[in-house]
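For any residue, its number in this note's numbering is found by taking its place in the sequence shown, counting from 1, and adding 45.
Calculated directly from the structure, the hints in this document are not laboratory data.
Be aware that one or more of the hints could be misleading.
Dumping the calculated DSBU-like pairs for lysine-lysine here, alpha-carbon to alpha-carbon at most 30 Å [unchecked claim]:
1) K90 x K249
2) K96 x K249
3) K208 x K249
4) K249 x K234
5) K208 x K330
6) K234 x K90
7) K327 x K249
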Amino acid sequence: MNSENVTFDSDGCTLAGTYAQAAQPVAAALLIPGSGRTDRDSDVKLPLGMKLRGAITRAVADALGTVNVSSLRYDKRGVGASGGDYYPVGMATRLIDAQAALSWLAERNAGLPLLVVGHSEGTYYAAQLAGEHRGVAGIVLISGSVRPGGDVLAWQTQQLADKLPAATKVILKLLRTDVVRAQRKNQAKIMASTTDVIRVQGTKVNARWIRDFITYDPAPALRAVTVPVLAITGGHDMQVPPDDVEAAGRLVQEPFEGHVVGDLSHMLRPDPDFVGPRGYRKAGKQPVSPEVLGLITDWAARQFGQQQLTRQANERES
46 MNSENVTFDS DGCTLAGTYA QAAQPVAAAL LIPGSGRTDR DSDVKLPLGM
96 KLRGAITRAV ADALGTVNVS SLRYDKRGVG ASGGDYYPVG MATRLIDAQA
146 ALSWLAERNA GLPLLVVGHS EGTYYAAQLA GEHRGVAGIV LISGSVRPGG
196 DVLAWQTQQL ADKLPAATKV ILKLLRTDVV RAQRKNQAKI MASTTDVIRV
246 QGTKVNARWI RDFITYDPAP ALRAVTVPVL AITGGHDMQV PPDDVEAAGR
296 LVQEPFEGHV VGDLSHMLRP DPDFVGPRGY RKAGKQPVSP EVLGLITDWA
346 ARQFGQQQLT RQANERES
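Go ahead and model the full structure; you've got the sequences and the hints to work with.
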């Protein structure tokens, strides 16, 4: 694999990414990271110079290279080397950026089938791109949900509240703090806002994106998908319901393959004790699950290896 730093334009904003070119590519994949200030590798810069190492899109890119699939992954607006401001961006602009990235990838790989791989929030755009871009030949949905965003937030808040350490629960009880009620109060404040950015309990938040997410229903886009789909979620994911893998299979029209993998978290690392986000920094020191990467590469090899054989046969006949 030969990797290079690239830039492309998205509605007047310059976005930066990494393009990994396979020696004899059978397809090209766009990799879209999850929510938050995630960069092209699914890493997040934290205060005081710390970093949450997700490395999910980077690991997927490396794995796809082993089955001759080139890839493009990019920094979000206002993140990493990309231009623009992160905070005012809503989901519509995130989709525009994904469209621009896919157009760049399609032009660079004319004649090859395109694959879109999304993690978490990225699964929403993967499904939408599959419905609107004629070159997309398959999508991979990693740690994605089929429920409206407001339902997802309610589900994950309850999961986190139920699995707090006993000592933390005691402290919250003494402070008369109800985690679920507090989340609903903050959400109501954001939904009542009209500006792109507000402060909630002193913290700057991208209110436009949160309002978009809470009201977004991914089901219609999934129903419109007419290409093969692979869906994977960790069995101990506390941010999206693992049961949504099966639900996704009922929504899409084309060949579907779904997997709920062991005790993996939303970060695709083992989480046997349901620690969830509290353990992400420690979990990031481990590699992304080889089982998940194997499922993706096996599926891609089956999908695009066969397509390459068909193209070669057609070329010989012509």
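- Check each numbered hint from earlier against the structure, then list the numbers of those it violates in ascending order. none
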